[in-house]
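Asks: Using the sequences provided together with the hints, build the complete structure.
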Amino acid sequence: MNIRRAFSVTKRIFLGLRNDKRTIGLMFIAPIIAMFVFGLAFSGDVKNVNVVVVNQDEGYQIPSSPAPISISNRIISNFDTSVLKVDYVDTEAEGVKRVQEGGAYGLIIFPAHFSSDIYAKLQNPSLPLGSTIQVRLDKSNVNVANAITKAVSDALLKTIKDIGNAAPVTVDADNAIYGKDAKFMDFFVPGIMAFVVFLLTTLLTLISFVGERTSGNLERLQATPLRASEIVIGYAIAFSIIGMLQTAVLLTIGVLVFNIMIVGNIFLAFLVIALLAIVSLSLGILLSSLAKREAQAIQFFPLIILPTFLLAGIFWPVEAIPSWLRPLSYAIPPSYAVDATRSVMLRGWGAGGIWVDLVALFGFAVAFLALAVWSLQRGRG
Amino acid sequence: MKQSFAIETKNLTKKFGAFTALSDLNLKIESGAIHGLLGPNGAGKTTAIKILCGLLKPSSGEAYIFDKKVPDRSILPQIGYMPQETALYLELSVHHNLALYGELYGMPRSKIAEREKELLHFIALEKWRNEPVSNLSGGMKHRVSLACSMIHEPKLLFLDEPTVGVDPELRASFWEYFNELKQKGITIVLTTHYMDEAQHCDRIGLLRLGKLIAEGTPGEITAQTNTTNLEDAFLALSRQEAKA
Numbered sequence: 053m054n055i056r057r058a059f060s061v062t063k064r065i066f067l068g069l070r071n072d073k074r075t076i077g078l079m080f081i082a083p084i085i086a087m088f089v090f091g092l093a094f095s096g097d098v099k100n101v102n103v104v105v106v107n108q109d110e111g112y113q114i115p116s117s118p119a120p121i122s123i124s125n126r127i128i129s130n131f132d133t134s135v136l137k138v139d140y141v142d143t144e145a146e147g148v149k150r151v152q153e154g155g156a157y158g159l160i161i162f163p164a165h166f167s168s169d170i171y172a173k174l175q176n177p178s179l180p181l182g183s184t185i186q187v188r189l190d191k192s193n194v195n196v197a198n199a200i201t202k203a204v205s206d207a208l209l210k211t212i213k214d215i216g217n218a219a220p221v222t223v224d225a226d227n228a229i230y231g232k233d234a235k236f237m238d239f240f241v242p243g244i245m246a247f248v249v250f251l252l253t254t255l256l257t258l259i260s261f262v263g264e265r266t267s268g269n270l271e272r273l274q275a276t277p278l279r280a281s282e283i284v285i286g287y288a289i290a291f292s293i294i295g296m297l298q299t300a301v302l303l304t305i306g307v308l309v310f311n312i313m314i315v316g317n318i319f320l321a322f323l324v325i326a327l328l329a330i331v332s333l334s335l336g337i338l339l340s341s342l343a344k345r346e347a348q349a350i351q352f353f354p355l356i357i358l359p360t361f362l363l364a365g366i367f368w369p370v371e372a373i374p375s376w377l378r379p380l381s382y383a384i385p386p387s388y389a390v391d392a393t394r395s396v397m398l399r400g401w402g403a404g405g406i407w408v409d410l411v412a413l414f415g416f417a418v419a420f421l422a423l424a425v426w427s428l429q430r431g432r433g
Numbered sequence: 004m005k006q007s008f009a010i011e012t013k014n015l016t017k018k019f020g021a022f023t024a025l026s027d028l029n030l031k032i033e034s035g036a037i038h039g040l041l042g043p044n045g046a047g048k049t050t051a052i053k054i055l056c057g058l059l060k061p062s063s064g065e066a067y068i069f070d071k072k073v074p075d076r077s078i079l080p081q082i083g084y085m086p087q088e089t090a091l092y093l094e095l096s097v098h099h100n101l102a103l104y105g106e107l108y109g110m111p112r113s114k115i116a117e118r119e120k121e122l123l124h125f126i127a128l129e130k131w132r133n134e135p136v137s138n139l140s141g142g143m144k145h146r147v148s149l150a151c152s153m154i155h156e157p158k159l160l161f162l163d164e165p166t167v168g169v170d171p172e173l174r175a176s177f178w179e180y181f182n183e184l185k186q187k188g189i190t191i192v193l194t195t196h197y198m199d200e201a202q203h204c205d206r207i208g209l210l211r212l213g214k215l216i217a218e219g220t221p222g223e224i225t226a227q228t229n230t231t232n233l234e235d236a237f238l239a240l241s242r243q244e245a246k247a
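Chains P and U, in that order, give the protein sequences.
The letter at position 297 of the first sequence is residue 349 when you use the working numbering, and the numbering goes up by one with no holes.
The letter at position 238 of the second sequence is residue 241 when you use the working numbering, and the numbering goes up by one with no holes.
Simulated from the structure, these hints should not be mistaken for lab results.
Even for Gly, the Cβ is constructed at its ideal location relative to N, Cα and C.
Take these hints with a grain of salt, some might be off.
Covered stretches of chain P (chain U as the covering partner; in silico rule of three or more C-beta atoms under 8 Å from a C-beta of chain U) [claimed, not checked]:
#1 56–67
#2 267–274
Calculated cross-link-like contacts (lysine-lysine; reagent style DSSO-like; alpha-carbon spacing at most 27 Å) [stated by the list, open to error]:
#3 P:LYS149 x P:LYS137
#4 U:LYS130 x P:LYS73
#5 P:LYS344 x P:LYS63
#6 P:LYS173 x P:LYS213
#7 U:LYS187 x U:LYS72
#8 U:LYS18 x U:LYS185
#9 P:LYS63 x U:LYS60
#10 P:LYS63 x U:LYS130
#11 U:LYS214 x U:LYS246
#12 U:LYS185 x U:LYS158
#13 P:LYS202 x P:LYS137
#14 P:LYS191 x P:LYS173
#15 U:LYS72 x P:LYS344
#16 U:LYS114 x U:LYS185
#17 P:LYS232 x P:LYS191
#18 U:LYS120 x P:LYS63
#19 U:LYS187 x P:LYS344
#20 U:LYS71 x U:LYS246
A few chain U residues facing chain P, derived, Cβ under 10 Å [said to hold, decoys possible]:
#21 PHE22
#22 ILE82
#23 PRO86
#24 GLU88
#25 ALA90
#26 HIS99
#27 GLU106
#28 LEU107
#29 TYR108
#30 GLY109
#31 LEU122
#32 PRO135
#33 SER137
#34 LEU139
#35 MET143
Replies: Structural data, given as structure tokens:
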């Protein structure tokens, strides 16, 4: 192993990139676009949902009050207006029709005697159930339907509290252990970082190595004193540097534009990403030995992209994946990088906290590097 | 005393699955000679060169370079290899391609600069030194490729079709240069399917379907077949082979 020769390979990659603006663009512009597109589209919060309200409640006349008091109106006024866009209709049939025509996702019905039934129940708790808000939803979109249900429940709780009848039991989830005030972007940025580095490094090494093979360069290199291990190490140095640069760009945008949370030691996150880059480039070299031409290499793309996209815990947690499918999550390296960078950035964990991820990534790196070197040596069939 | 050859092969055979690319090649190439491997496409010329360079493992038989059995990494610094494909980094300049190979052979920077200057002069591309290879014509790329294989002053040069796509004038200057290298004691093994060009070689081996069908000086081969040129000699030998 001669490190100078490995460095010559690294230098060759960077010199080549200098004259290859398109690839530089792909390396740095694509991640930024991905972050904006995914970040803004998947922000996780459902907003501006059209709903219609049928309010048949007449209110309740308290002797001391000049006008009837309407609890339904109070609940409606407590709706989170960023989530629900409220319109009114007179009858349930009209509301159903509006949903059927696609003009609204849900119909919220306050029945007649709504307020008076509540007062009666408050006065005499032994009465059967007081009153019901009927929420009729278009559940074809589960996320939207859940957002409506939650907005109505939140408004109801707030109203009950306002009128001085707080529930005897409440849930307080504000005092978080980790990630207090975390937004979806805080959860998402570590994921997209790992995703982008894994994807681009694997695909670029795959394409670039198929090129090395088809152009005859690899053969010429192998007829020199350069060893297969030195080629792989040269690539590893170059692509871990590129991976860290990509991470730096994404983090800078994450902090400046999306104001993301970084609690832990960011250098640890860089180390994780560099390890992931090494795993990815080794995978790229390995796969390149199975492709004879660039066009064949492209056929591997879905094989690399889809499992990572779906199973690595980037967009949704691994816990949301059916348990029988979870072993697959643990079989793909980006899962560990996503978990580790998230733990470092949001939980502020140190190396001790993410040692399992580090060991897994290190193991993958060593195994894949060895396999990549083996695949190059085997090429001399 | 045992005579030492630059290259010696004994029953060298290479099979790819059921296909035999090279069959029982027995060849001795003296140091300081220009040896041509001739034959049509698929004759086994490139396979032979790749085995000698350590890029392919023989299925059976043996090959020796400077008395060392290949593959042997210690031979690599002494050999230069120019593949049939362009085998250059297109996005890199001519200079950076040459420098890369200089570095891989562990040459000091000053030596690389010196060799680069000589070679650029030889391939007449001094003005193109800083141009990306992708901007060069096919023939120019071929010349750069040749230069890359010689940057480290190898004692033994393997050139796979070095004159393909090279214009006649430059081809003549290539041969002049090959003869200069020969004067310095460098051994050159080249493949070609231009039969007329092979006249310049000291000795040639004619290959057909993986078999060596004749070996000797161009004069010996034409005399042996009662022909006046190598092309006719090859055709005559091929017919004999086909009958046998």
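Asks: State for each hint whether it applies.
Replies: The hints, checked one at a time:
{"no.": "1", "hint": "56–67", "in the structure": "holds (count 6)"}
{"no.": "2", "hint": "267–274", "in the structure": "holds (count 7)"}
{"no.": "3", "hint": "P:LYS149 x P:LYS137", "in the structure": "holds, 17 Å"}
{"no.": "4", "hint": "U:LYS130 x P:LYS73", "in the structure": "holds, 24 Å"}
{"no.": "5", "hint": "P:LYS344 x P:LYS63", "in the structure": "holds, 26 Å"}
{"no.": "6", "hint": "P:LYS173 x P:LYS213", "in the structure": "holds, 16 Å"}
{"no.": "7", "hint": "U:LYS187 x U:LYS72", "in the structure": "holds, 25 Å"}
{"no.": "8", "hint": "U:LYS18 x U:LYS185", "in the structure": "violated, 33 Å"}
{"no.": "9", "hint": "P:LYS63 x U:LYS60", "in the structure": "violated, 30 Å"}
{"no.": "10", "hint": "P:LYS63 x U:LYS130", "in the structure": "holds, 24 Å"}
{"no.": "11", "hint": "U:LYS214 x U:LYS246", "in the structure": "holds, 15 Å"}
{"no.": "12", "hint": "U:LYS185 x U:LYS158", "in the structure": "holds, 10 Å"}
{"no.": "13", "hint": "P:LYS202 x P:LYS137", "in the structure": "holds, 14 Å"}
{"no.": "14", "hint": "P:LYS191 x P:LYS173", "in the structure": "violated, 32 Å"}
{"no.": "15", "hint": "U:LYS72 x P:LYS344", "in the structure": "violated, 31 Å"}
{"no.": "16", "hint": "U:LYS114 x U:LYS185", "in the structure": "holds, 22 Å"}
{"no.": "17", "hint": "P:LYS232 x P:LYS191", "in the structure": "violated, 31 Å"}
{"no.": "18", "hint": "U:LYS120 x P:LYS63", "in the structure": "holds, 22 Å"}
{"no.": "19", "hint": "U:LYS187 x P:LYS344", "in the structure": "violated, 40 Å"}
{"no.": "20", "hint": "U:LYS71 x U:LYS246", "in the structure": "violated, 38 Å"}
{"no.": "21", "hint": "PHE22", "in the structure": "violated, 13 Å"}
{"no.": "22", "hint": "ILE82", "in the structure": "holds, 7 Å"}
{"no.": "23", "hint": "PRO86", "in the structure": "holds, 4 Å"}
{"no.": "24", "hint": "GLU88", "in the structure": "holds, 3 Å"}
{"no.": "25", "hint": "ALA90", "in the structure": "holds, 3 Å"}
{"no.": "26", "hint": "HIS99", "in the structure": "holds, 5 Å"}
{"no.": "27", "hint": "GLU106", "in the structure": "holds, 4 Å"}
{"no.": "28", "hint": "LEU107", "in the structure": "holds, 5 Å"}
{"no.": "29", "hint": "TYR108", "in the structure": "holds, 6 Å"}
{"no.": "30", "hint": "GLY109", "in the structure": "holds, 7 Å"}
{"no.": "31", "hint": "LEU122", "in the structure": "violated, 16 Å"}
{"no.": "32", "hint": "PRO135", "in the structure": "holds, 5 Å"}
{"no.": "33", "hint": "SER137", "in the structure": "holds, 8 Å"}
{"no.": "34", "hint": "LEU139", "in the structure": "violated, 14 Å"}
{"no.": "35", "hint": "MET143", "in the structure": "violated, 16 Å"}
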